[in-house]
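As you go down the protein sequences, you meet chains A and B in turn.
Heads up: the first sequence runs through residues 1 to 220, numbered per UniProt numbering.
Heads up: the second sequence runs through residues 1 to 401, numbered per UniProt numbering.
No wet-lab data here; the hints were simulated from the structure.
We put the beta carbon where it would ideally sit given N, CA and C, even for glycine.
One thing to keep in mind: the hints can contain errors.
What the hints assert, rightly or not - Far from chain B, by Cβ distances over 10 Å, these chain A residues were calculated: (1) Ala71; (2) Glu73; (3) Arg80; (4) Arg108; (5) Ala176; (6) Ala204.
What the hints assert, rightly or not - Covered by chain B, according to a simulated footprint, are these stretches of chain A (three or more residues, beta-carbon under 8 Å): (7) 82-89; (8) 95-103.
Okay, here's what each chain looks like letter by letter:
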Amino acid sequence: MSAALRTENLSVQYGPEVTLRYPDLNLEAGVALAITGPSGTGKTTLLHLLAGLLRPASGAVWSGDLNLNAASETAREVFRRRNVGYVFQDFHLMPGLSALENVELGLRVAGADQPRQRAREALERLDLGHRVQNRPGQLSTGERQRVAVARAVAHRPGLLLVDEPTAHLDRNRAGAALELLLDAAAELGATLIVVTHDPLVADALPARLELGQEMAVVGV
Amino acid sequence: MRLALWTALRGLRARAGVLAITVLAVALATATALTVPLVTRQIERGAQDAAQVFDLLIAAPGSATQALTSSLFYLDTPTGNISEKLYEELRDSPGTRRAVPIGLGDNHLGFPIVGTNAAFFDQRLRPKDPPYFRLAQGQIFSGEHQIVAGARAARESNLKLGSTFKGAHGLEERETEEERGSAQHNEAYTVVGILAPTGGPVDRALLTPIETIWEVHGQDTPATRQVTAVLYAADQLAGVYVTAQRVNAGREAMAVFPGQVFAGARDVLAQGQAAYAGLSLLVLGIAALTVWLGVHSATVERQKTVALLRALGAGRSTVFGLVLGETLITVTLGVGLGLALAVLLSGVGGTLLGDRLGFTLAPPQLTWTLAVRALALIPLGLLAALPPAIGAVRVSPLRHL
Ligand SMILES: Nc1ncnc2c1ncn2[C@@H]1O[C@H](COP(=O)(O)OP(=O)(O)OP(=O)(O)O)[C@@H](O)[C@H]1O
Ligand SMILES: [Mg+2]
Chain A
1 MSAALRTENL
11 SVQYGPEVTL
21 RYPDLNLEAG
31 VALAITGPSG
41 TGKTTLLHLL
51 AGLLRPASGA
61 VWSGDLNLNA
71 ASETAREVFR
81 RRNVGYVFQD
91 FHLMPGLSAL
101 ENVELGLRVA
111 GADQPRQRAR
121 EALERLDLGH
131 RVQNRPGQLS
141 TGERQRVAVA
151 RAVAHRPGLL
161 LVDEPTAHLD
171 RNRAGAALEL
181 LLDAAAELGA
191 TLIVVTHDPL
201 VADALPARLE
211 LGQEMAVVGV
Chain B
1 MRLALWTALR
11 GLRARAGVLA
21 ITVLAVALAT
31 ATALTVPLVT
41 RQIERGAQDA
51 AQVFDLLIAA
61 PGSATQALTS
71 SLFYLDTPTG
81 NISEKLYEEL
91 RDSPGTRRAV
101 PIGLGDNHLG
111 FPIVGTNAAF
121 FDQRLRPKDP
131 PYFRLAQGQI
141 FSGEHQIVAG
151 ARAARESNLK
161 LGSTFKGAHG
171 LEERETEEER
181 GSAQHNEAYT
191 VVGILAPTGG
201 PVDRALLTPI
211 ETIWEVHGQD
221 TPATRQVTAV
231 LYAADQLAGV
241 YVTAQRVNAG
251 REAMAVFPGQ
261 VFAGARDVLA
271 QGQAAYAGLS
281 LLVLGIAALT
291 VWLGVHSATV
301 ERQKTVALLR
311 ALGAGRSTVF
321 GLVLGETLIT
331 VTLGVGLGLA
341 LAVLLSGVGG
351 TLLGDRLGFT
361 LAPPQLTWTL
371 AVRALALIPL
381 GLLAALPPAI
391 GAVRVSPLRH
401 L
């Protein structure tokens, strides 16, 4: 279920050196947003905040009526497994599991019925039906990315968070990857948030948040 | 918990090498620690039970050990004979619970033909227990030349109910056909009963009424009749000592406490067992160390798995269960395999040893007190896995992503 996403006065403190302050976000359910900005400005950190993986030093993240920062650890776990699909910057597939089992794992964590069947369907929809038994080490970067996307969307989350989806891809494949994400989000009716350096991606999404040097206060 | 198990099994599959080594180490340690005690207990059970159904062995004077090995285990020549009169006195004296005559002298294919009477089958480990010797088939002898065969004697000389054979002179089998022919008695024996296996020496015996022995050896008048030994049981403990003193005061016989002879043998055994127990402990310690190494060899991989699971939204109890579960599965597999191996090895060892001793040992019996020595590895393994399991719950998932 997609929900409106809102942040207020978010800031993150990494040791005494680094403080990240974020402008407020106010997103309707189902929109697609690109987050851009130079390296080190806190794009990945913002995704962690929105996923309920990181508690901010101040401020709040609201998903619908749920305040993620005030919520218990258990409530945040439930939020993550039910509502969030996360495609990590370097995918984080388990090397010991086949492509199919990696997707199945996500579905099992989400508590889905028939996880194996649904994992196979998710991979087939991304044209990976012939590689289901391969381990990540036996797949190309583009294939690994599609496995990661399959894992992120298979349990039908309302919020799809994607970190640098085209970083490892050539132009053709980057376009294909972008299309994949837009299609998946559209099909789920999910809110899509993509961190990217890539103008091709940023320009294709209707909304954009540009994180600038000025907001990342280094060495207070 | 199903998620934890699903992930644990796949984690172990990915680390099959380490898994195999750990399981093998635990299994071998378990088998090493348990096989010898299992075999020892098999022997003790068979031999001691056989000696526990009576209080005193009364035989012709000589070596106590020889009296026991001959009249109880049929492995040696008797120390001599005692008169039937002495047997009858013992039987009829007040305070006697049971006096069982034993008459040796003949054999069939090397299995001793043991003369005795119905009281033999009434012997019990404790007064309230059921009789120690149970018939597997047929019935107790009721007339001369009838045979109740021990389990092993029946099996190995192919005796069934109704089978007949002729006995041969002497306690051991004759070497040649010629000798055999000349040594053979003329009266045929008939098998009327077959005993269930006991794991003790009676498995080898062919039991017949003692009157048969007297008749075969021409001891026709009461004055000439002899018995090899008497298995004596008293109503009360005091009676045992009184009888022992009375017998030993006379010249004709001696009274042997089988427990004392066994205790001497056991003292020697116990020293060996203590050394062995120390060695077992060492081996189990090494196995525990292997488990600990196995747990820690996977630290980095496990941290990544746990971090990913938590990032995907798995509960903290799931990752806790995952870490403990991997170790639990490993150690349980090892201990289970080890217990099976120990039972198998001691079964084989017991069979070989039983063949040497000439009686069939009972199958190995895995008792809790023994199994606990190996099962202790399971909590030890869990203890080794506890710190990483707690770490998995407490560390932020972002730390190891
Ligand atoms: N665990 C951490 N401990 C200390 N500092 C951190 C930690 N994680 C991130 N930072 C710092 O916070 C800042 C923002 O990091 P973040 O990864 O969010 O940037 P980013 O915009 O995603 O960069 P990139 O485009 O290179 O991926 C950086 O200066 C980084 O060094
Ligand atoms: Mg980043």
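Hints and how they fare:
no. : hint   : in the structure
1   : Ala71  : holds (13 Å)
2   : Glu73  : violated (7 Å)
3   : Arg80  : violated (3 Å)
4   : Arg108 : violated (5 Å)
5   : Ala176 : holds (25 Å)
6   : Ala204 : holds (27 Å)
7   : 82-89  : holds (count 4)
8   : 95-103 : holds (count 4)
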